[in-house]
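Number of protein chains: 2
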Amino acid sequence: MTETENIAYDVVVLGAGPVGENVADRTRAAGLSTAVVESELVGGECSYWACMPSKALLRPVIAQADARRLPGLSAAVQGPLDAAAVLARRDYFTSDWKDDGQVGWLESIGADLHRGHGRLSGERTVTVTGPDGVRKVLTARHAVAVCTGTRAVLPDLPGLDEVKPWTSREATSAKAAPGRLVVVGGGVVATEMATAWQALGSQVTLLVRGKGLLNRMEPFAGELVAEALTEAGVSVRTGTSVRSVTRENGTVVVVTDTGDRIEADEILFATGRAPRTDDIGLDTVDREPGSWLEVDDSLRVTGSDWLYAVGDVNHRALLTHQGKYQARIAGAAISARASGSAVQGDAWGAHAATADHDAVPQVVFTDPEAASVGLSLAEAEQAGHRVRAVDYDLASVSGAGLYGDGYRGRARMVVDMEREILLGVTFVGPGVGELIHSATIAVAGQVPISRLWHAVPSYPTISEVWLRLLEAYRDN
Amino acid sequence: MTETENIAYDVVVLGAGPVGENVADRTRAAGLSTAVVESELVGGECSYWACMPSKALLRPVIAQADARRLPGLSAAVQGPLDAAAVLARRDYFTSDWKDDGQVGWLESIGADLHRGHGRLSGERTVTVTGPDGVRKVLTARHAVAVCTGTRAVLPDLPGLDEVKPWTSREATSAKAAPGRLVVVGGGVVATEMATAWQALGSQVTLLVRGKGLLNRMEPFAGELVAEALTEAGVSVRTGTSVRSVTRENGTVVVVTDTGDRIEADEILFATGRAPRTDDIGLDTVDREPGSWLEVDDSLRVTGSDWLYAVGDVNHRALLTHQGKYQARIAGAAISARASGSAVQGDAWGAHAATADHDAVPQVVFTDPEAASVGLSLAEAEQAGHRVRAVDYDLASVSGAGLYGDGYRGRARMVVDMEREILLGVTFVGPGVGELIHSATIAVAGQVPISRLWHAVPSYPTISEVWLRLLEAYRDN
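In order, the protein sequences belong to chains A and B. Going by the numbering used here, the final residue of the first sequence carries number 476, and the count climbs one at a time with no gaps. Going by the numbering used here, the final residue of the second sequence carries number 476, and the count climbs one at a time with no gaps.
Pulled out of the complex, with its shape left as it was, chain A reads as follows:
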C-alpha cells in the first residue's frame, strides 16, 4: 500500500551531516537542484554526538587546568567542576538533540530535505523510505554524493549487547557522570572522553591495547597525554586487552587478557569506526556493501562518472573539518562538470582535495592539547622522503612558561630536505590548539624555510617555538 513518488534533481546527497550540508551548499550555490536525504538528525554525528558535545565537555576542563597552573588564580579552582552546569552547557551546544536550526539552514539554501532511509537503487537513483513507510525515488541528473559517515565499531565479545556499552554517542550525550568508567581504546575519542569524564567526577580506567596513546601522531603526543591523564587520576593501562565484559547486578565487570578484574558503572568502547555503507544499496551499483568507497581527488568514486563519496566514508581522513573541505571541493567539482566548465584537478587546484594527502590537521582537546598537521616523521620516512625531524621542548619557550607554571610540551617539525619545506608539524602542550593553524598554512602553502624566517612570532607567545625550531634546524 506504499505510494511511490518520483522526483528529479540535479544532485542527490545521502546524509545531512556537515559533509552533506557542505556539498549541498556548493551545488545549490551553483544553481543545481539538490535533495538531501537523512534518516536521523540534520547536522549529523558532529553536531550531536562528536565534535560539539565533546568540546563543550572538554573546554571547561581545559580552562580549569590552565587556571590551576597560575598562582593567584589556582587556589580558587582546586575544587571539582560543577558537572551539572557543564552538562547543561553541552546540551545547549547540541540544541538538546533537536535539528530545527539546521533544517532551517537547509531550507534557506533551497535544498530539499527528505527524511528517511536512503538507498541507491541503480545508476543515479536513490530510493528513500520515509518514517511513515512512504517511498520516494529521487533521480540525480548529475551526481549522487554519499556522505553517510561512520559508526562506532564494537569488538566481537560474547554477550556485549547485554552490557549496553557506551560508544562515542553515549559518551558525549550522557546525562550524568558514571561513578566508575572504563574506556577501551587509545585514540582521540578514548583520550578526550577519559579527560572529560575524569574531570566531571568519574573514576576512569583507560585500557589501551597497544603500547601508547594517539599512535597516529608523533610518539611524544601520546606520552605527554598519558602522563597528564595519570596525574589527573585516570588509571592508564597500556598493553591491555579486554577478554570479557559482563554486567552483573548493574555493575560492569571487565576481565583483561592478563586476568585482572575491573568493576565499573559504564564501559566505553572507542575502538574504531566503520563506514555506514552497509545498507545504502551499494550492491545496486556494483559496489560492496559495508566497504569504504575509494575516490579520486575530486571525491568521485573510482570508475564512476556520477557517484561521489565525501567525508569519513571514503576513509581519506576521518575528521569533520577535512570532510567539509572535501565537501566544498566535491560540490564545486560536481557543479563544474554539470556546467561543462573546466575541472581544476591538478594538485592544489580548486577541484582537488590535495590537502587530504599532504596537510590534514588535527587537534586533540586533551590537557595538554595535541595538535598536528601533515606527516609524522615515521610517515614521511615511510613515504620515501629525505627528511629531518627538528624537536624543541616547549617548556623552554618564554610564552609557554608565562602561560602556566610547570608547563610541559614539545614541538616537532619534519623538514623535506630536498625542497626545504615542511612536511609535518606537531605541537603538544597547553594552549597549542590555535597554534597549529600556523603550521597548516606553512605545510599547505609549502612556504620555504628561508621565508619562514621572516614570519616573526610575537613575543612572548607560545608561537615563538617557531623561531626555536628554525634555530634548531639551522644550528644542528
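Treat the hints as calculated values from the structure; they're not laboratory data. Just so you know, these numbers come straight off a predicted model, no measurement behind them. Incorrect hints may appear among the rest.
Claimed, not checked - From chain A, some residues computed to sit far from chain B (all C-beta separations above 10 Å):
no. : residue
1   : H321
2   : S450
3   : V456
As the list claims (entries may be wrong) - Sample of chain B residues at the chain A side, in silico, Cβ under 10 Å:
no. : residue
4   : A56
5   : R59
6   : A359
7   : V443
8   : P457
Claimed, not checked - Covered by chain B, per the in silico footprint, the following chain A stretches (three or more residues, Cβ under 8 Å):
no. : stretch
9   : 42 to 53
10  : 66 to 73
11  : 146 to 156
12  : 346 to 354
A virtual CB, placed ideally from N, CA and C, is assigned to each residue, including glycine.
Since chain A is already given, all that's left is putting chain B on it; use the hints.
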C-alpha cells in the same frame, strides 16, 4: 686619575637588551670577537620592565576571564585574583631584577660584557665609562651596532617631577596595586596596564587624548577593548587630555582639559617612547643626538659602512620580537660583510628585514586579546594598494562559542586585489593570541588566497574563522 684601556674587537654592540643579545649571538656564531656594552641590566627593558613582567601580570587576568565565561567553572572564579601571588610570580619572571642568568648566557656565547655607559667616540670606536669611573676604549674592526632602545616620554607638564609619575617601568615593577590609578594613554602599554591593575585591585581611570584605543590597529580592536575595559570596571575617558597633575598630601590630583578633577594614588604616563640616543656620542659621528637612526634593510645606518642601528632605536617597529628579527638579520649581514661573502639583500633575503615593511605582528594581551599582522585597511589604502577588507564576526565561529559564553570578537583580512594575497590580518577576541601566527605566515609567505583554501582549520577551533573569511571573500 682614570686609566684608559684599549681593546679591539670585530664588533661592538651598544646595549644588551634582547636586540643587542641577538646581534652578538649571530656575530659570535660567525666567529667575530664581540663586545657588548650595558649600563643597566643585561636583558634590557623587555626582561625587567616590559614584555616579561607585563605578561606575567596579565596571564592570570586572562585565564580568569576565560574561566568566568564557562558555566561549571565560572562560580569558582568570581572573586578577585590573589594579587600578592600574581606579583610574586611576576618577580620570578623578572628574576627579581637580577641579570646573572643573562650574563651567564653572554659568557656562554663568548661575548665580552662591558658594564658602563657606552658612547661613540669617533668612527668604529666606543668609549665605555664604567661604574667605577674607569674608561675603556673599544674599537670595532667591522661594525658598531646601536641597540639602546627607547625610554618613556613624559609630557611637558609643570611640576610633574614632584608627582613622581609612573612610566612603563613602575607600572610593570610595582610591589602592590595602588588603590586608584590614573593611566594616561591609549596604546598597548596603557590598555595592558589598565587591564592588569584593575584586575589586581586598583580602581583605574584611563585618560585617552584621541577618540579611541589602540589606534594603530583596525578601529574595531580599540572599540572591543574599550568596551571590555569598561565592563571590567575601568573608567575609560576618551577625548580627554591632562591639563595639570599635582600631588597633594600624597594624593595625585589630575585636572583634565575639560576641568574635571580626578584623585588617585598613582598616575601612569604611557604616552610614547623616545630613542635612547641622546647620550651615546652620536655627535662624534656626525649624527644628531636624540634622533631615531635611519637604516637600510640590513639595519645599517644610512650613509655609513660600519654603523648599525637595530631594534626600537631605528623606529621601524617598536616591538621586542621585531627587534630580535632585525638583530638576527643585522648580525648575519655584519658577518657576511666581514667575511666578504655575498649580502643577500633582496626582498625576503637572509640579510633584508623585509618583514619590517610587510609583516610586523603584534599581540596586545588585554581581554579580549587584540592581534594583528601587516597593514590595516587604512594603511593599505594609504600605501596605494587596490584592496578589499573582509570582516567576520568571531562570535559566529563554533570554536569561539565553545571557547566561552558571550564570546565577542572580530576578524578582518585585507586582500591585495592585484595579487590575491593578504596584506594584513587582525583578530580581536579571547584566545586569539596564538592564532595570529597563522596570519603572519600567510602574509610573510605571500600565500595566495587560492592556496589558503587548502589550509583546513581544525574543527572546532577559533581558527575556523579563516574558512569564514575565505567564504566571505568568495561570496561578496
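Now for the hints, and whether the structure bears them out:
no., hint, result
1, H321, "violated (4 Å)"
2, S450, "violated (7 Å)"
3, V456, "violated (5 Å)"
4, A56, "holds (6 Å)"
5, R59, "holds (5 Å)"
6, A359, "holds (7 Å)"
7, V443, "holds (8 Å)"
8, P457, "holds (5 Å)"
9, 42 to 53, "holds (count 3)"
10, 66 to 73, "holds (count 6)"
11, 146 to 156, "violated (count 0)"
12, 346 to 354, "holds (count 3)"
The structure shown violates the earlier hints numbered 1, 2, 3 and 11.
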